[in-house]
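Position chain B with the ligands relative to chain A; hints supplied.
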Amino acid sequence: MAAELVIKNLHVQVEGKEILKGINLTVDKGEIHAVMGPNGSGKSTLANTLAGNPKYVVTDGEILYHGENIAAWKPDERARKGIFLAFQYPMAIPGVTVANFLRTALNARRKETGSNGDAKAISIPEFRKLMTQKMELLKLDNTFATRYLNDGFSGGEKKRVEILQMAVLNPELAVLDETDSGLDIDALRIVSEGVNALAGPNVGIVLITHYQRILNYIKPHFVHVMVSGKLALSGGAELALQLEEKGYDWLKEPEAVGK
Amino acid sequence: MADTVATLNTKTGLTKEAIEALSRSKHEPAWVLARRLEAWHLYEETPMPAANDELWRRTSLKDLNLESVVPFAAGDAARDALKALPEKFQQVANDQNAAGVLAQYNTGVAHARLADALKKRGVILCDIDTAIRAHPELVKQYFMTQAVTYSENRYKSDKPRTGTSGKHEGGGYGDTVGDLKFAALHGAFFSGGTFLYVPRNVVIDLPLQTMTYFDAPNLAMFTHTLVVVEEGAAVKLIENYASKANETQRFSNGAVELIVKPGASLQYFHLQDYAQNVWHFTSQAALLEKDSSLTWLVGTLGSQSTKAFLDCKMLGTGTNAALLGFFFGEGTQHFDQHTFQNHIIGHSTSDLLYKGALKDNAYSVFRGLIRVNPAAQRSDAYQANRNILLSEHSHADSIPELEIEANDVRCTHGATVGPIDPEQVFYLMARGIPRAQAEQLITEGFFDPLMQKIPLESIRDELTAAIKTKIGM
Ligand SMILES: Nc1ncnc2c1ncn2[C@@H]1O[C@H](COP(=O)(O)OP(=O)(O)O)[C@@H](O)[C@H]1O
Ligand SMILES: [Mg+2]
Chain A
1 MAAELVIKNL HVQVEGKEIL KGINLTVDKG EIHAVMGPNG SGKSTLANTL
51 AGNPKYVVTD GEILYHGENI AAWKPDERAR KGIFLAFQYP MAIPGVTVAN
101 FLRTALNARR KETGSNGDAK AISIPEFRKL MTQKMELLKL DNTFATRYLN
151 DGFSGGEKKR VEILQMAVLN PELAVLDETD SGLDIDALRI VSEGVNALAG
201 PNVGIVLITH YQRILNYIKP HFVHVMVSGK LALSGGAELA LQLEEKGYDW
251 LKEPEAVGK
Chain B
1 MADTVATLNT KTGLTKEAIE ALSRSKHEPA WVLARRLEAW HLYEETPMPA
51 ANDELWRRTS LKDLNLESVV PFAAGDAARD ALKALPEKFQ QVANDQNAAG
101 VLAQYNTGVA HARLADALKK RGVILCDIDT AIRAHPELVK QYFMTQAVTY
151 SENRYKSDKP RTGTSGKHEG GGYGDTVGDL KFAALHGAFF SGGTFLYVPR
201 NVVIDLPLQT MTYFDAPNLA MFTHTLVVVE EGAAVKLIEN YASKANETQR
251 FSNGAVELIV KPGASLQYFH LQDYAQNVWH FTSQAALLEK DSSLTWLVGT
301 LGSQSTKAFL DCKMLGTGTN AALLGFFFGE GTQHFDQHTF QNHIIGHSTS
351 DLLYKGALKD NAYSVFRGLI RVNPAAQRSD AYQANRNILL SEHSHADSIP
401 ELEIEANDVR CTHGATVGPI DPEQVFYLMA RGIPRAQAEQ LITEGFFDPL
451 MQKIPLESIR DELTAAIKTK IGM
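So the sequences go chain by chain: A and B. 1 is the number of the first residue of the first sequence in the working numbering; add one for each residue after it. 1 is the number of the first residue of the second sequence in the working numbering; add one for each residue after it.
Hints in this document: simulated from the structure, not taken from any laboratory. Glycine residues also receive a C-beta, built at the ideal position from the N, C-alpha and C atoms. Treat the hints with care, as some may be off.
Here are the simulated DSSO-like cross-link-like pairs (lysine-lysine), alpha carbons at most 30 Å apart as the crow flies [to be verified]: (1) Lys158(A) with Lys453(B); (2) Lys468(B) with Lys55(A); (3) Lys129(A) with Lys55(A); (4) Lys62(B) with Lys119(B); (5) Lys129(A) with Lys16(B); (6) Lys120(A) with Lys468(B); (7) Lys111(A) with Lys468(B); (8) Lys8(A) with Lys21(A); (9) Lys81(A) with Lys468(B); (10) Lys16(B) with Lys83(B); (11) Lys111(A) with Lys470(B); (12) Lys468(B) with Lys74(A); (13) Lys139(A) with Lys29(A); (14) Lys468(B) with Lys158(A); (15) Lys470(B) with Lys120(A); (16) Lys129(A) with Lys468(B); (17) Lys470(B) with Lys74(A).
Stretches of chain A that chain B covers, calculated by requiring three or more beta carbons in the stretch to come under 8 Å of a beta carbon on chain B [as the list claims (entries may be wrong)]: (18) 46-54; (19) 70-80; (20) 103-109; (21) 199-206.
Where chain A lies over chain B, by a calculated footprint (3+ residues, C-beta under 8 Å) [said to hold, decoys possible]: (22) 375-381; (23) 425-432; (24) 445-458.
Extracted from the complex, chain B is given alone in its bound form:
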């Protein structure tokens, strides 16, 4: 529609009217609007997480200003939108050897390409809006119906729990709103994002990549990633998120859904490097069916404040999940991450490693829940969170939580928070390496095992460089 191409919505505020306008501008079918309004209804019914909510008390929302946000930008991105993207994103988009790339600028698609060989085999890589038009049956089936849902509070639980929060009144997290409030808001305003579908037994060796970048004033981002890997299929997806730094507060409220069918394999990399004026909320969930395997790495370098819910549900026997995370906070950055290793069925393994470094006045919360249901005998659940504090005023809380209801399980958890070991620094200095460089080497080394998991050298190098810059020593 020619008339919508150039018109950028600039109305502020999150309202029902805005949802209707958004849906109209996208020419969405009625069922999509109905779902949006259902989500909106729940959003309105759910209270804003309060300061005394167990899952929210370390992240204050009092400075979050939702009145001034522009909830969507109508119309497609301009033809030359690719040029607006950061250089490194352009390079990836223009790489003719890539198996598949998808670039998003503000809320429009700037570039999309998928190798013909993959198209022929039924692989789909597109944005969610396109998926709704071209593959409505798949979207209807999976979109916010199983993984990230707003109809069920996954965090509400009165089960007995060991670990730091076991004392909480009513057990579990008490009467928390969990991620419902923002998952519902996302369900009302989702836009853009990634839809990846890999049919049965299709094995893709080269990683697929997406890049999302936004710079429009006050624009809120509601990116949605939905990945469905069918039985016996295998794929790697690397997603990069960035935004332009400027004065105004910005809002991002994303969701990621990873559905891994029996015997399938997914390696998913979520790399967030938003500018440090962004409030970032994200609900991510993975469902693992029988004998499937997932590597799920979440990298958090950007944003002013990140509140992340990362759920991994082990639905079948023989499932294997590696949950990996790295983060690096500087200035007054605030990261608050919840991970959830949810063993529904036994003979399943989840192994989590989150590593972070913090400098200046940065603050990080890692809260890792392991739940093993009574039916999940012979589950192996491991969790480790390591934090290094590079300055006196940086801070990290690490809170492991266990809800073990089966008796034949192997479960370990460990957390460390502290400065770089001075004996390590001395060892390197005793070889002639100056202190600052020694600390830099140790910090880089701290992240290296996670970097090595990333299947693309170019991305590895970029992240290593980003970490180097952040170390800034």
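Chain A extracted, bound-state conformation:
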């Protein structure tokens, strides 16, 4: 069976500038891959490219999801097929409640995953039950259901609501982009517990982070370090500790080091 995600020699441009310069990465079901690296190295670019953000242009290489090249898939199609991106900077959508948004998104995904595409929309009571349960998991009180999505949310609330969305949509491949940034210790624990509850043998996770801190709670199987648009180094969980000690500077400009 094909691996969940295979990225081959991926080159990506943003506004005409090459940011990713040949990424190779394979993520299998049940695996947690941490992608670490300094600010500006291209981590969010990788995340956005996987989700299909039209601002990010693939100029070379390919992304295979369950063995299928997803180059032509629009963002909504990718999401319905189980790819989930927890945004580093979630957008506010004023006027659209969390509940309305989540139900719309869930119904879109169910349509795709249902047998022969004829899955019924979730009933309102059933949806309420599901949402309440997932909100409890993330220690979000139920007033969040009727609040406008990310509108006036604190940084920590936004990140928790990203994981709430993941919990409701039940993805097969989750890319979490700095979900730990800007969280205090308690919020970090809540979010990590949420992610751990959702991880499992059927899910592949790409955990993007700048800090080692979250890896105290979520144990990666692999750690990769991105520097200047390339994965400069890969290893096991112990690599994260090494980075914690040494920082990223010694890895910078691998081309220059090689010379």
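Coordinates of chain B with the ligands only, in the frame set by chain A:
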């Protein structure tokens, strides 16, 4: 009068003779006719707004055909007029739980009901013709004498102004005719409409509703709303306007007067969804006396062309006005709206939010004037106009204008015009929602905070549905 019941006037043209015939058919007292003729005189004296008139240059009147309009339909509406109204209006009219409803079909009353408890406390809800007969002293006092008047050009000003039009020759709007021409025409031909009077300290919780619908060929509508809320009283009024779509051009020239006495509270909702062959002119004005509060929402979905003047005068300290508007243009719809936050006295707050969406080739002008008089120290005046363009060829102009003559004021204004944020669309698509549905959600959400202000769920739902239909994605 039996002989007038079935006779529908079909004479076209706006003339003095037509005014006299109208007044006769309504058996009006002499003072009413005198006022109509006075207004007519002013109408004749005032030039048609020209293309170079600062307040009119974005709305061309060259295709407006006033010759073919039928200025009034004589006689009362037929007994079963209610059945001619749209289904949703009939439902409201037949709702026995409603505190008060008034339905108008063409220029006649189709249905009127006010809860007995309110009648007993002196509340009046009727059409203007009835008010003239039954409450002449109130009509004499308030009807086009203080709020919407045709004797004074509220827009003429040579005061220095900041904002986009500050450069205009002579300052202000220069030598504009303002809304005088059409306010005067309205004063000559007004008919039907709503009179609401709430006596001192009467507080009405449930909203009152009116519905106006017209379908008679070429009939011009001159609906007049006059609301007087006496000291310490409180009321909510929701007005709905609609018309039948057909080929011929139609003309509507309405006025709304809101008089809010000391300590009183009014929530007024003006929801216009005329068919897209209507030229709609409206002059609306609110007067706020000391410590009164007003929420005033104007919804514009219909008409071919709307030219609206919306004035809010803060006459007393402690007054508080929330001026809200939403509009949604499609096809070749053209909306040109002027708002006026007029702070006469200080320690008063006005807070304006107008939001619009435009698709196809629709065009909107929002022009918001804030005036703070020298005596109006410690006024707070806020203004925001947000527009989203849903198509390449839709267009919106947003023009804030400030005339601040006091130095201790808080005043902000902001305007945005642009397409839906593509990052918002991407965010929703990244959750599996297709593009069209994502844009629809964002557009609905854009209007939602305004919808939530409407105190009746049924109306909220209807408007949301109307907006959904307009989004049509
Ligand atoms: N949407 C964008 N528009 C313009 N430049 C971008 C955009 N996204 C990323 N970049 C540029 O790409 C580089 C990598 O950024 P990013 O992927 O956000 O890095 P990281 O997430 O590792 O901090 C930076 O130089 C950044 O300025
Ligand atoms: Mg980033």
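Practice prompt. Find the hints from earlier in the document that the structure breaks and name them by number, from lowest to highest.
Written response: Hints 3, 4, 5, 10, 21, 22 contradicted; others consistent.
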